[in-house]
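Residue numbers (the numbering used here), protein chains in the order written: chain G, 1 to 81; chain A, 82 to 371.
Warning: the hint list may mix true and false statements.
Quick look at which bits of chain G chain A covers, simulated, 3 or more residues with Cβ under 8 Å [what the hints assert, rightly or not]:
1. 6 to 14
2. 23 to 29
3. 41 to 51
4. 54 to 60
Keep in mind that the hints were calculated from the coordinates and are not lab data.
Computed from a predicted model, the values in this text were never measured in an experiment.
Backbone N, C-alpha and C define an ideal beta-carbon position, used for all residues, glycine too.
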Amino acid sequence: MHLYIVTPEKKVFEGEVLAATFPGSDGSFQVLNNHAPLVSSLKDGLIEYRDKKDEYETEITGGVVEVLNNKVIVLAEGVIE
Amino acid sequence: MPSLKEVKNRITSILSTQQITKAMKMVAAAKLRRAQDNIIQLRPYASKMNGLLQNLMMDSDVDESNAYGEEREVNRVLIMAVTSDRGLCGAFNSNIHKEVIRHIDANYKEIHANGDVHILPLGKKGFDYFRKRNYTIVDDFWEVFSDLSFANATKGAVFAMEKFLNREYDRIDIVYNEFKNVATQIMRVEQFLPVLPVELKVKEEVEYIYQPSKEAIVSDLVPKSLKTQVYKALLESNASEQGARMTAMDQATDNAGELLKDLRLTYNRTRQAAITKEINEIVAGADALG
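Just need the whole structure built from these sequences, with the hints factored in.
Structure, rendered in structure tokens:
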């Protein structure tokens, strides 16, 4: 599936991933391939994702995630680097 | 005819002015590139945000519950005027000032007579201008351009949204310069609140799973998209400002060049006249002796 993390200031990540874990406002959850359409708000926390090679993480400050047709779009308010 | 020394002094002074305007033009060009980059960086976020909002609106009639879209009788108005912090950018700021005043006169004349049109200047120039005149201003947010990060830049928007929800303002407009190209800015007057209904493109309806709930997400997204709208206006205005300054400074450099040309001509003429006069005097002196 394709993961896309953007903030108003820049594009943080774009690429193919195998799995991604999000800090949902109701608790953390993981998205795998062929996930059903989902919209969830996110609280401050870590997004963890991995591709074939490695694992990554990005700390965001709130946002929304949309999962649709193997496209995962994260609209983060900001990222902490 | 001015003396040789006077002309020379003027030439030196204009030369240094020309150097300054040239340098300012180059600085503006560099800043313009950065400002344009920022706009480009915002685009994916803004378009994805709109796409998501569209999908959500398609799904059902959440629109009704949206407190930001409430149309009320307009008794109190807030106008956000986006100007710059610095001058020397041609008519950039005065265009905004004029447009704000024209906009108030055309649409909110009676409300303004009651003193219920407030102005929220974003940028120092607008703050200075409206403070000195007969307008009530909200003076907490004019320093946005010192730090154009999303969090800082949208404080004014957050304030306006709160005031709208508390019914302290019934209508909020935003006036800013949109960046078209280096030489052209487009004056924009947009309605900020109440939110205009989203134009629905016909798309396939998607059954989403919502977490925590659809209402929560919509009420989370709408303010975000409003903040994005203001952020976009600020970035556009910032790029426009640099463009306007570039053009103004380019013109100033050209004008200085023209002036220099004229002055150099005067200088040479004066110099030659002085030489001719001196030769005449010597010749006359030699004649008198001989």
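Original post:
Which of the numbered hints are not met once you compare them with the structure shown?
Top reply: Of the numbered hints given earlier, those the structure breaks are 3, 4, listed in rising order.
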